[in-house]
Structures are given as C-alpha cells and as structure tokens.
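Student: As a plain string of letters, each chain reads:
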Amino acid sequence: MLKNNAARLRLIIPLLVLVIVSVGFVLNSGTGTLSALGWGDIVLLCPLGALGTMLAAKLLIPQALISLGIAVVLIVVLGPAFCAWICPVPLVQKIRGIFGEPKNKGREGQQIAIAESSSGGEVVEAEVIAAPATVVKAGEELSDKEKASLKGCASGCDACASKREKLDSRHFILGGTLLSAAIFGFPVFCLVCPIGLTFATTLLVIRLFSGGDVTIALLVVPILLIVEVVVFRKWCSRLCPLSAFMSLISKVNRTFKPQVDTAKCIENSQGTKCGLCAQACEELIDPRHPERGAREMNECTRCRACVDVCPGNALSIPILPKKDKRLEGAPPLQNNDAGV
Amino acid sequence: MEDSQTENQLDESRDVQELGEDPQAKDELSKGPGPVSRRSFVLGVGGIAVLGGLGGLRFVPHGSLVRPPGGQDEDRVIAACFRCERCYEICPRGVIAPAHIEDGILAMRTPTFDFSNDYCDWCQESKGGEPLCVKACPTLALELPAGATPENTILGKAVLNTDWCLAYRLIGCRYCYDACPYEAMGLDSTGRPYVIDDKCNGCGACESVCVSLKNGSIALGATERAIVIRPLDAVQGGESPHA
Numbered sequence: 001m002l003k004n005n006a007a008r009l010r011l012i013i014p015l016l017v018l019v020i021v022s023v024g025f026v027l028n029s030g031t032g033t034l035s036a037l038g039w040g041d042i043v044l045l046c047p048l049g050a051l052g053t054m055l056a057a058k059l060l061i062p063q064a065l066i067s068l069g070i071a072v073v074l075i076v077v078l079g080p081a082f083c084a085w086i087c088p089v090p091l092v093q094k095i096r097g098i099f100g101e102p103k104n105k106g107r108e109g110q111q112i113a114i115a116e117s118s119s120g121g122e123v124v125e126a127e128v129i130a131a132p133a134t135v136v137k138a139g140e141e142l143s144d145k146e147k148a149s150l151k152g153c154a155s156g157c158d159a160c161a162s163k164r165e166k167l168d169s170r171h172f173i174l175g176g177t178l179l180s181a182a183i184f185g186f187p188v189f190c191l192v193c194p195i196g197l198t199f200a201t202t203l204l205v206i207r208l209f210s211g212g213d214v215t216i217a218l219l220v221v222p223i224l225l226i227v228e229v230v231v232f233r234k235w236c237s238r239l240c241p242l243s244a245f246m247s248l249i250s251k252v253n254r255t256f257k258p259q260v261d262t263a264k265c266i267e268n269s270q271g272t273k274c275g276l277c278a279q280a281c282e283e284l285i286d287p288r289h290p291e292r293g294a295r296e297m298n299e300c301t302r303c304r305a306c307v308d309v310c311p312g313n314a315l316s317i318p319i320l321p322k323k324d325k326r327l328e329g330a331p332p333l334q335n336n337d338a339g340v
Numbered sequence: 001m002e003d004s005q006t007e008n009q010l011d012e013s014r015d016v017q018e019l020g021e022d023p024q025a026k027d028e029l030s031k032g033p034g035p036v037s038r039r040s041f042v043l044g045v046g047g048i049a050v051l052g053g054l055g056g057l058r059f060v061p062h063g064s065l066v067r068p069p070g071g072q073d074e075d076r077v078i079a080a081c082f083r084c085e086r087c088y089e090i091c092p093r094g095v096i097a098p099a100h101i102e103d104g105i106l107a108m109r110t111p112t113f114d115f116s117n118d119y120c121d122w123c124q125e126s127k128g129g130e131p132l133c134v135k136a137c138p139t140l141a142l143e144l145p146a147g148a149t150p151e152n153t154i155l156g157k158a159v160l161n162t163d164w165c166l167a168y169r170l171i172g173c174r175y176c177y178d179a180c181p182y183e184a185m186g187l188d189s190t191g192r193p194y195v196i197d198d199k200c201n202g203c204g205a206c207e208s209v210c211v212s213l214k215n216g217s218i219a220l221g222a223t224e225r226a227i228v229i230r231p232l233d234a235v236q237g238g239e240s241p242h243a
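So the sequence lines, in the order shown, correspond to chains V and A.
In terms of my numbering, the first sequence has 26 at position 26, counting the first letter as 1, and numbering is strictly consecutive.
In terms of my numbering, the second sequence has 89 at position 89, counting the first letter as 1, and numbering is strictly consecutive.
Be aware that one or more of the hints could be misleading.
Claimed, not checked - A short, non-exhaustive set of chain V residues, derived as facing chain A with CB atoms under 8 Å:
| id | residue |
| --- | --- |
| 1 | S22 |
| 2 | V23 |
| 3 | W39 |
| 4 | V43 |
| 5 | L45 |
| 6 | G69 |
| 7 | I183 |
| 8 | P222 |
| 9 | T262 |
| 10 | A263 |
| 11 | I266 |
| 12 | Q270 |
| 13 | G275 |
The set of hints was computed from the structure by calculation and includes no laboratory data.
Just so you know, these numbers come straight off a predicted model, no measurement behind them.
A virtual CB, placed ideally from N, CA and C, is assigned to each residue, including glycine.
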C-alpha cells in the first residue's frame, strides 16, 4: 500500500540519490550529481544551471539546451514533483528534528491564509514603482537592471497567466539568478544553491576520508547549507529559484494532479467539515477547494500527503483528470463557512 | 517538516494581522491583495541584492589555478562551470580536485589539480588520449581547441625549489627526472634535476613522485613538495597558454 509508504519513500529516494552519487564518485563512474546527472554522454543538467551558464558564457550549449527542453517537458507532465521526491533539501531540513523543537502549535493559521487573488502584470509594475521607501533605503537604490528584472518577472508571469496570478519572492530570486549570471558572467546562484551544497558537502567528506583533503570548505559549505535551509526554514517556499521556475512552468501542467472524488468526499457524503487534505498539504494548497488555499495547484509537489490523509479515500492522483470528477467540479465556495 | 509547516501557517496568519494593523497595508488590502505582498517584495529584493553582492566577487582578483585540459581560458571556466563536479568525479586518476575556498570564493568547487598521488596523462591509459574530463563537462567549461595535444596545451609549469629539493643536498634523488614523460627535466653535472621550461606542460608527474616532504627532517620548514606545478601566469606573467 502506497498510503504509508509515500512519506517514507520521499525520504528513501533522496537518500538513495545521495548514495548513488557517492558511490559514483568513489568509483569514478561519471554519474554526476543532481546538477548534471547522467550516464555516459546522456546528461540531464539542472535547468537553472543550464540557463545560467548559457547566459554567463554567452554561448549556446547543446547539452544545456537539450536538458532544458527535457526539464520543461518533465515539469509540464509532473509539475514540481522533484521538490517532494528527489530534492535533497527536505532531507537536510530533517536536521531540525534533531534539535527537538516545540511541536504542534496548532493550525489556526491555515484558515486565515485565504487565497489571495490577483490581477495582471500592470499591477505588478505599479507595485514595483510604488515600492515603499523602506525597501529602497537599505542602501541599495533599485538599479535599472533590478527594475528590469522585476519587470521581466512580471511580464514573464503575464505570459503564462492563469485565473489567479501571484508573484512571490521566489520569482524575484529567479529573475535575480538569471540576471546576475548574465551581468556578472558566471552562474552566481550556483555558488549558494543548497542542492549543489548538499552534494558538495558529501563529496568533500568523501575526499576528506579518501584523500585526506582538509579544507576550510569542510566547515563553510555545510554551515552555509544549514543556514540557508535549516535556520532559514522557508527556503523552499520563499527563496528557491528552482521552485519558482517549476511553479511557472507547471501552470500549464494538467496531468498527475490531485483530484477529489466529490461523491466520496465526506464533506458531501456525510455533510461534515473535514479539511484534512488542506491541513496535510505542505504547500498550503487546498485540494478540495483550490480557490481557498493560500497557494495554487501549480505548486503541488505530488507528495501524496493529501491522498494519504483523506478519511474517505476521495483523493487520487490520476494521470489525466477524470471528466466527471474534475477538481474544478467541486462546488466553489464564496466564504469560509459555506463548505459545511 | 510538520513543524515548519505549522510555522509557515502561523507566519502567514501573523502577516495578515500585521498587514491589518498597518494603515498603508490596509489600503492595499482594500484594493484587493496585490500580486506581490510586501514581504515577498522585501525578501525578493533582498535576495537579489545578495546575488548582486556575490556577483561582485567576479571583480575580486583571485589567484590563478592550474586547470584541467581545456580549462586554460580562465574566463571561460568561471563563466561556464556551474560546479556540477562531473570532471573530478570522472577523472580515472583522481587528480582533478575541487578548488578550495582558500583559492577564492569564486573559484571554490571549480576544477583544479591535486598532484599528490598521480598526474594527468590526458587519459592516455584509460581512454587513448582523450581527456575524460573534457568529455564529461556538460557546459563546455572545459573545451580543447582544435589540434590541442598534451605537448601544446600548457596546464602549468613545474617549479623546483632548490632549498627543499633533496638532490640539492646532494642526496642523489632524481625521482622527478625519471618520472617526466615529456623530457622536460635535465640533470646538471652533479646529478641535480632542473626543469626545462620550454618542454614542461605541467602534467604533474614530477610533483606526484617528489619525496621531499616525506623527508621533512632533511628539508626543514618545507610546506609543500620541492617541485610543484604552478599556474602559467604565476610563472611567466600571463603568456598565452596555447603555444
């Protein structure tokens, strides 16, 4: 049964990736890290790394273009499933658990975080220009390039507009990542990418024990990694440009989306309040009432938490949405208490 | 992870409250939530500023490094290398190593050489002379110009420190002379080795066999081997790497 296994699998797979990469490193097999995973001549590059290096080196790199195409296709089909199933960052974030933190402060926040609807690109620009003075004062007046990047973000999202448009800080970072690579002539973000740093740490440790390679980086790299994703706990939802990239592309995603069988959902069949699926969602999506979640369905990482928690087994992740049970088919709710 | 999630949600609620108390924010809310919340904007701009700061490292001069074959155009390596670590993973002799933070933050994790155990033979042994690192590099950061050979691609130059070299204490050591595959070393009348700069391509064979450090009691105060490969510009002041 996948039910209980999904959460475990989501730990095992990233661990397995780390092990495979480590073994590959020891055996000189050329497996590569997640930055450029592959076998022999077939290599799949990180889409951001591919874009960044092409922008920085100002040249078209065939391998990078092909990888970018494959990555886009994968994201269109699977959405940001990478985040839940392969990315090692959630694994690193488990370190938090070691320093036993106060648990279960409650979930009151959930209901307050009502979906924010938004409008098109003009509003974004207006926001940018009318930015509060406090933001600008930080000693960094917005340079033209930064403004350009912001506009770039806005129009970029405009292009793939859906019913509810929302830009968040990740998209700024994505813009900054690409722009900084182009301006400074090297992939700036790759220096601090936590996925890269995770593998760098692994390889540094292997080199320490296999070759006695002692370096300050053995301290600096893991510390930077921990500061990024463990101390700053919201890396994934607030800063990760890869997540931003995937969320933008998965706006056109139509496959493998969690779907509620409204007939089975106990909100309908028993007329009770439930909302367990929305509570289980780490991406703050509400699968039952998508318009109510703090974030949109394109952020869904297919972690299956909602599927596993559903008391009525009403949720599934079908390859293609079933016509009669479409997610959109759930009765839209105008306010919070209409869902009973 | 559950913790963080709860925290996330609490945070969201806090934000909403904070926004509610701020008259300006209230105004924004009454207009309907904008596409970018103020916190997102601050975080985003802050992140961009950090990236800008990191980008500035490009203009901080850093010491040059001995690069693997195809990495002789330093600008190209810095621009196209995205630290995927394939080159040093695949190196069959394990001589390609990540540059350390001591070599500069910008250079950190880019490929350089570690000749302590072996040297670069252009994968002659395992691949018939086609360097695997160049082949493995997915972003063309390591790329050999047409007609590049081990002889005309100068990775670096061997530099002999006569203070630390055992032979210069007339011990008769000539490991480096024997190891050099390019006849780039000579022996003087007393049997002491010297480097023939014109023929040295920096393969590292001499450095990999030098035993001077293992005899630290003889060469007192030595911090590295008596013969090491230095980047070309450190030796000759930036002459073209492709002679």
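Student: Give a verdict on every hint.
Tutor: Results for each hint:
no.	hint	in the structure
1	S22	violated, 10 Å
2	V23	violated, 11 Å
3	W39	violated, 11 Å
4	V43	holds, 5 Å
5	L45	holds, 5 Å
6	G69	violated, 14 Å
7	I183	holds, 6 Å
8	P222	violated, 12 Å
9	T262	violated, 25 Å
10	A263	violated, 29 Å
11	I266	violated, 23 Å
12	Q270	violated, 26 Å
13	G275	violated, 13 Å
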